[in-house]
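Fit chains Y, Z, A and D to the given chain S structure using the hints.
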Amino acid sequence: MIKGRVIGKIWSSRRVDTMPSGALLEVETSGGGCLIAFDPLGCNTGEAVLITQGSVAAGYFSGKVAPVDALIIGSIDEDLQKKSKN
Amino acid sequence: MIKGRVIGKIWSSRRVDTMPSGALLEVETSGGGCLIAFDPLGCNTGEAVLITQGSVAAGYFSGKVAPVDALIIGSIDEDLQKKSKN
Amino acid sequence: MIKGRVIGKIWSSRRVDTMPSGALLEVETSGGGCLIAFDPLGCNTGEAVLITQGSVAAGYFSGKVAPVDALIIGSIDEDLQKKSKN
Amino acid sequence: MIKGRVIGKIWSSRRVDTMPSGALLEVETSGGGCLIAFDPLGCNTGEAVLITQGSVAAGYFSGKVAPVDALIIGSIDEDLQKKSKN
Amino acid sequence: MIKGRVIGKIWSSRRVDTMPSGALLEVETSGGGCLIAFDPLGCNTGEAVLITQGSVAAGYFSGKVAPVDALIIGSIDEDLQKKSKN
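So the protein lines, in turn, are chains S, Y, Z, A and D.
The first sequence begins at 5 in the numbering used here and counts up by one.
The second sequence begins at 5 in the numbering used here and counts up by one.
The third sequence begins at 5 in the numbering used here and counts up by one.
The fourth sequence begins at 5 in the numbering used here and counts up by one.
The fifth sequence begins at 5 in the numbering used here and counts up by one.
If we strip away everything but chain S, and leave its shape as in the complex, we get (with noise of 0.2 Å):
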């Protein structure tokens, strides 16, 4: 998984009939890219994230496969993990 950080939200009106309905978020890697990721938690712009990338993302859902490469998996507790690195 890649630590991420949530920098905006995608729109898209016209896309493929079998894409979950659910937000799309742009989360800027730790890695400094960028990428969109599904978001089944509705995590906030400014949040860190932990994603998940490739297939095991798709098998999230249920039923026809998801063409859903990335998704956030979980919000990270920010305040643990500095607190674990005193």
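It is worth saying that the hints were derived from the structure and are not from the lab.
Glycine residues also receive a C-beta, built at the ideal position from the N, C-alpha and C atoms.
Errors might be hidden in some of the hints.
Keeping only pairs whose Cα atoms sit at most 25 Å apart, straight-line, the calculated DSS-like set for lysine-lysine is [stated by the list, open to error]: (1) Y:Lys68 <-> S:Lys68; (2) Z:Lys68 <-> S:Lys68; (3) D:Lys13 <-> Z:Lys7; (4) Y:Lys68 <-> A:Lys7.
Computed footprint of chain Y on chain A, listed as stretches where at least three residues anywhere in the stretch have a Cβ under 8 Å from a Cβ of chain Y [as the list claims (entries may be wrong)]: (5) 33 to 44; (6) 69 to 83.
Now the stretches of chain Z that chain S is said to cover, found in silico as 3 or more residues with beta-carbon under 8 Å [said to hold, decoys possible]: (7) 22 to 35; (8) 67 to 78.
Structure of chains Y, Z, A and D alone, referenced to chain S:
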């Protein structure tokens, strides 16, 4: 998923017979790279698109495994995205 | 697989319910990048580890598809490795 | 998919027995990298090709899983592509 | 697939029990990176090899999913390759 912008079209007359018929678009990705994606939506040059990669792209097609590892899954509503950033 | 070194731990209280319970470690990879891997072995900070990525990482878990795309599969015996290079 | 240009051929006499028989071509990718792809089309050195990667490449072969993660799926019609850019 | 050259061996006594027994070799890839690949062929340090990655590498093993995302599938005949370039 990644964001990209359509910059052209690819023609390939001699190809494997499991390739689905449809448009293959050349897309410049937000990271500066370039890839070829199958387009089921009829996108135009200059259009901002959302792309999914890997085996989930092939999962869009029914029947025998399609040798497609990049699929345009949506056209990005650029007006809405700009508004949300203001 | 890639080699890496454990540099910390990630906490995520709010996460998808298909996430297996267990430790999520932050690992610096041999290429200089950073990823988050599920740890079934109880590794410590500073330990050299071997990581597998993608859907084979999720295949380690039984039952419903786990949204895990990076798994620590071994602790590297650094003493043996140094000897073999002398 | 990615575009590439065939730059040579690879010979491997000692290989795993699940490897399908056929040509393995060395391809320079549009990004400047280099990979080895299985060629079911009989492409020549210098030819521009379209390559699919990952498990969908292996899906081209029937029977036992082929250890092939890169497949040439088409020869690119360079004349047509140039015309469309004029 | 990618080309690489074997530069060493990895020992991992404490590892997940679904890991197949066999050699894990450290390989420098043609792109300058470094990865660890399972070796079913008995390759030596210095040998040029062909590597497949991702779930197709795990597909080589039968039974329960092997957590292997990189597999040496062939030893490259370097003499033949040099001749074809002359």
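Status of the hints after comparison with the structure:
1. Y:Lys68 <-> S:Lys68: 15 Å, holds
2. Z:Lys68 <-> S:Lys68: 15 Å, holds
3. D:Lys13 <-> Z:Lys7: 12 Å, holds
4. Y:Lys68 <-> A:Lys7: OK: Lys68 of chain Y and Lys7 of chain A at ~23 Å, within 25 Å.
5. 33 to 44: holds (count 3)
6. 69 to 83: holds (count 6)
7. 22 to 35: holds (count 4)
8. 67 to 78: holds (count 6)
When held up to the earlier numbered hints, the structure conflicts with none and fits them all.
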